[in-house]
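Participant: Protein chains in written order, with our numbering: chain Z, 1 to 117; chain H, 1 to 267.
Bear in mind the hints are in silico, worked out from the structure with no lab data behind them. From a predicted model like this one, the values you see are computed outputs, not experimental measurements. Cβ coordinates follow ideal geometry from the N, Cα and C atoms, glycine included. Some hints here could point you the wrong way.
To be verified - Here are the computed lysine to any residue pairs in the SDA-like style, where the Cα-Cα straight-line distance is at most 25 Å:
#1 H:Lys175 / Z:Lys104
#2 H:Lys28 / H:Val12
#3 H:Lys247 / Z:Glu14
#4 Z:Lys104 / H:Leu69
#5 H:Lys175 / Z:Glu14
#6 H:Lys28 / Z:Ala109
#7 Z:Lys104 / H:Leu145
#8 Z:Lys116 / H:Lys175
Unchecked claim - If you want a taste of the chain H side facing chain Z, the calculated C-beta under 7 Å gives, among others:
#9 Ser3
#10 Val25
#11 Tyr148
Chain residues, written in single-letter form:
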Amino acid sequence: MTDLVTMAQSSWPEPMAPATLAAYLLLSGAMFAIGLVGFLTRRNLIVMFLCTELMFQAAGIALVAFSRFHLNHTGQTFVIFVLTVAAAEAALALALVVLLFRQKDSLSASVWREMKG
Amino acid sequence: MDSIINPYLLFVGLAVAGVGVAMAVPRKRVNPQVIGAVIAGVGLGVVLLGLALANLDAIPNLHFYVFGLIALGASLRVVTHPRPVYAALYFILSVLASCGLYVVLSAEFMAFALVIIYAGAILITYLFVIMLATQSPSEERVEVLAEYDVEGRRPVLATIASFVLLAGVTSLMFKGTAGLEPAGGDDRAAEVLVDAAREPTNTESIGVDLLLGRPGTIEIAGVILLMAMLGATVLARRQVDLEDEAKHRAAEQLAARGGLVREEVQA
Numbered sequence: 001m002t003d004l005v006t007m008a009q010s011s012w013p014e015p016m017a018p019a020t021l022a023a024y025l026l027l028s029g030a031m032f033a034i035g036l037v038g039f040l041t042r043r044n045l046i047v048m049f050l051c052t053e054l055m056f057q058a059a060g061i062a063l064v065a066f067s068r069f070h071l072n073h074t075g076q077t078f079v080i081f082v083l084t085v086a087a088a089e090a091a092l093a094l095a096l097v098v099l100l101f102r103q104k105d106s107l108s109a110s111v112w113r114e115m116k117g
Numbered sequence: 001m002d003s004i005i006n007p008y009l010l011f012v013g014l015a016v017a018g019v020g021v022a023m024a025v026p027r028k029r030v031n032p033q034v035i036g037a038v039i040a041g042v043g044l045g046v047v048l049l050g051l052a053l054a055n056l057d058a059i060p061n062l063h064f065y066v067f068g069l070i071a072l073g074a075s076l077r078v079v080t081h082p083r084p085v086y087a088a089l090y091f092i093l094s095v096l097a098s099c100g101l102y103v104v105l106s107a108e109f110m111a112f113a114l115v116i117i118y119a120g121a122i123l124i125t126y127l128f129v130i131m132l133a134t135q136s137p138s139e140e141r142v143e144v145l146a147e148y149d150v151e152g153r154r155p156v157l158a159t160i161a162s163f164v165l166l167a168g169v170t171s172l173m174f175k176g177t178a179g180l181e182p183a184g185g186d187d188r189a190a191e192v193l194v195d196a197a198r199e200p201t202n203t204e205s206i207g208v209d210l211l212l213g214r215p216g217t218i219e220i221a222g223v224i225l226l227m228a229m230l231g232a233t234v235l236a237r238r239q240v241d242l243e244d245e246a247k248h249r250a251a252e253q254l255a256a257r258g259g260l261v262r263e264e265v266q267a
C-alpha cells in the first residue's frame with residue numbers, strides 16, 4: 001500500500017497519470033461553471049467582475065495541471081499572462097464601475113438597461 | 001480502451017451538482033443555501049469518487065481533495081454571498097486554496113506569485129472599490145442590503161447553461177485524456193544551466209521558458225498593462241454629475257434619514 005499522501009502523484013520529474021489529470025480538469029471545470037453561474041445570476045457590477053476573476057482562476061488551474069502532465073513549463077508561463085490580463089481587467093473594470101456608480105448612485109446592473117439597445 | 005469514467009455517472013453527478021448550485025443562488029424569501037451547497041458537494045463528490053474508483057492506480061493525492069474542497073466551497077460562497085465584501089474575502093480564500101493546488105502540481109513560483117498579485121494586489125483594489133461604492137451603516141441606521149444583492153437573476157436558466165457547458169467539456173474526459181501520452185519533458189533550463197551541476201529550480205525553468213521560448217510575449221504583457229493604466233487613469237479622472245433620477249433618490253434617502261433622527265429626538 002503506497003503512502004496516501006503521495007499516491008499516484010509524486011514530485012516533478014515523475015510523469016502524472018491521465019486519470020489524475022482528469023481529476024484536476026474536472027475541478028477546474030466545476031470552478032469555471034460556478035463562476036459562470038455567478039456572472040449570469042448576480043446583479044451587482046462588482047460581484048459580476050469578481051466572478052470573471054473566478055473563471056480566470058479556474059483556467060489557471062487547468063493550465064498548471066497540463067504543465068505538470070506534459071512536464072514542461074509552458075502552462076506555468078501562460079499563467080503569468082492570465083495574471084497580466086486579470087490585473088489589466090481589474091484596473092479598467094473597477095475604474096468603469098466607479099464611473100458608473102458616480103453617475104447613477106447604484107451598483108445594480110439593471111439601472112443600465114437602456115444600453116441593451 | 002475502456003473509458004476513464006462512466007458517462008452516466010458523470011452526467012447524473014453534474015445534474016445533481018447543478019440543482020444544488022441553483023438552490024444556493026441568493027433568493028428573497030425561502031433561501032435554502034446550505035442545503036443547496038450540500039447537494040452540489042454531493043454531486044461533484046460522486047463524480048470525483050467515480051473517477052477515483054474507475055482508476056484505482058491513479059488516485060490524486062490527499063491534498064488534492066482537501067484544497068479542491070476548500071476552493072470549490074469558497075467559489076460557491078463568492079457566487080452566493082449577498083454581501084460583496086464577504087464575496088471578495090471568500091475569493092481570497094479560493095485563491096489561497098488554488099495556490100495549494102499549484103504547490104501540489106509542483107508549480108511553486110506561480111503559487112507565490114498568485115498569492116502576491118491576486119490576493120495581495122488585485123483583491124485589495126476590489127475591496128477598496130467595494131468600500132467606496134457602498135453606503136456605510138451609520139449609528140441610527142441598521143445596514144440594509146441593496147435589493148440587487150439579495151436576489152439573483154434567473155438562477156435556473158443560468159445554472160442550466162453553465163452546467164450543460166461543463167458537461168460538454170468534461171464529456172471529453174471519457175476517452176480524451178486517457179489517449180494523451182505523458183510527454184518526456186523538454187526542460188530547456190537543464191541545457192542552459194549545464195554548468196550549474198544541479199537540477200534547475202522551478203523559478204529558473206519558468207524564467208528560461210519565458211525569456212528564451214517566448215521573448216515577444218513579455219513586451220505584449222507590458223503593452224497590455226500600460227494601456228490598462230492609461231485607460232483607468234482617463235476613466236477615473238472624468239468628472240460626472242449625478243443624473244436627475246439618482247439625485248432624487250439620494251435626496252429622498254437623506255430626508256428619510258433626517259426624519260428618523262428627528263423622531264428619535266422627539267422620543
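Participant: None of the hints should be skipped; say for each whether it holds.
Facilitator: Hints, verified against the model:
1. H:Lys175 / Z:Lys104: Distance of about 52 Å is beyond 25 Å: violated.
2. H:Lys28 / H:Val12: Answer violated: Lys28 (chain H) to Val12 (chain H) is near 29 Å, above 25 Å.
3. H:Lys247 / Z:Glu14: 64 Å, violated
4. Z:Lys104 / H:Leu69: 39 Å, violated
5. H:Lys175 / Z:Glu14: The hint holds at about 23 Å.
6. H:Lys28 / Z:Ala109: Holds - the C-alpha atoms of Ala109 (chain Z) and Lys28 (chain H) are around 18 Å apart, at most 25 Å.
7. Z:Lys104 / H:Leu145: 17 Å, holds
8. Z:Lys116 / H:Lys175: 42 Å, violated
9. Ser3: 10 Å, violated
10. Val25: 5 Å, holds
11. Tyr148: 4 Å, holds
The earlier numbered hints that this structure contradicts are 1, 2, 3, 4, 8, 9.
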